[in-house]
Amino acid sequence: MTSDPDEELLVRIADGDPAAVRALVARKLPRIHGLAQRMLSDPAEAEDVAQETFLRVWRQAPKWRPGQARFDTWMHRVALNLCYDRLRRRREIVTDDPPQVPDEGPAPDRGLEALDTGRRVSQALAKLPDRQREAVVLCHYQELGNIEAAAVMGVTVEALESLLSRGRRALRMALADLVER
Amino acid sequence: MTKDEFQQLAEAYGGDVARWPLGLREDAALFTAQDPLSAQATLAREASLDAALDTLPRAPAPRELYDRIIADAPAGRRRRRLWRLWLAPAGVGAALASVAAAGLVLGAQLGQQSAITAEASAQAVADLDVSAVAEEG
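If you read the sequences in order, they're chains A and B. By the numbering used here, the letter at position 24 of the first sequence is numbered 11, and the numbering carries on one by one without gaps. By the numbering used here, the letter at position 111 of the second sequence is numbered 148, and the numbering carries on one by one without gaps.
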């Protein structure tokens, strides 16, 4: 097994080294915050998830045992679980005023051309089934390897590939006017 | 690797073979060498989707979030460190007190020893004087 690049920092954090705390946050926060943003499409919720993930990290660091799993994989799993909690809560709350759901399509007074590509991608991603979005986010945006992404999702590599293919196919359809057929 | 397999993998992992799983890249290169037109068309199609996905905006984590997370970091350990810091001057004080005490003991012992040495020397001188007188006599 390859050594975990985060292990040394975790040992120092467990020993109360504030420099190691800052180093870990600098290393991981952009990734975890990005993951939550892409999963939730809500900046405030993404911040909450990132902060909560680190609270778990501080609790776990003194107990972390090398060789179990890569710390980055574990952290992704924690952040994803927190994202799922929030997605589930959104579905449970039936309301006339849905909370910050991304725009589902062009408004009558606003043509497709008024929306930039990034916003279109954001909408298409938000419309994917959760597991497909998770697969695309982990592999394309977080750049996890297939084995690592499958481990985070708790599925086989074959299942991951299937989720990826279906997710990307749906994105291609949603962005048909922007991508090569 | 067949054409179908190559397409399925490209649909899953995208148009850049360098981002495919390591174990598949060699077979993908072989297929590309065997059927370059088909391979390039498949990869170009997926690469255009990758390029669109890469336009997804991502706001950087705000500075306040970074600060909040740092503030959440193990307070217990910080307290332990502060406790250590508090102990440090106390330790230095204790060390100085020990040195001072050791100095006093050593000083007293040296004083005692000096007195003994002086007494012995005086006795020796007295002895010498006596013997000298005896020889002269």
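Don't read these hints as lab results, they were simulated from the structure. Every residue, glycine too, gets a C-beta built ideally from N, C-alpha and C. Some hints here could point you the wrong way.
[To be verified] Quick look at which bits of chain B chain A covers, simulated, 3 or more residues with Cβ under 8 Å:
1. 51 to 65
2. 70 to 76
3. 102 to 110
[Unchecked claim] What follows is a list of derived Cβ distance ranges for each label pair:
4. E145/A to A66/B: 29 to 35 Å
5. D2/A to L61/B: 25 to 31 Å
6. P53/A to A55/B: 42 to 48 Å
7. A66/B to D2/A: 29 to 35 Å
8. L61/B to R156/A: 17 to 23 Å
9. D91/B to V(-2)/A: 18 to 24 Å
10. D2/A to A70/B: 50 to 56 Å
11. V144/A to T39/B: 26 to 32 Å
12. R78/A to A70/B: 34 to 40 Å
Hint check results:
no.: 1; hint: 51 to 65; in the structure: holds (count 4)
no.: 2; hint: 70 to 76; in the structure: violated (count 0)
no.: 3; hint: 102 to 110; in the structure: holds (count 7)
no.: 4; hint: E145/A to A66/B: 29 to 35 Å; in the structure: violated (22 Å)
no.: 5; hint: D2/A to L61/B: 25 to 31 Å; in the structure: violated (41 Å)
no.: 6; hint: P53/A to A55/B: 42 to 48 Å; in the structure: violated (30 Å)
no.: 7; hint: A66/B to D2/A: 29 to 35 Å; in the structure: violated (46 Å)
no.: 8; hint: L61/B to R156/A: 17 to 23 Å; in the structure: holds (20 Å)
no.: 9; hint: D91/B to V(-2)/A: 18 to 24 Å; in the structure: violated (36 Å)
no.: 10; hint: D2/A to A70/B: 50 to 56 Å; in the structure: holds (53 Å)
no.: 11; hint: V144/A to T39/B: 26 to 32 Å; in the structure: violated (19 Å)
no.: 12; hint: R78/A to A70/B: 34 to 40 Å; in the structure: violated (49 Å)
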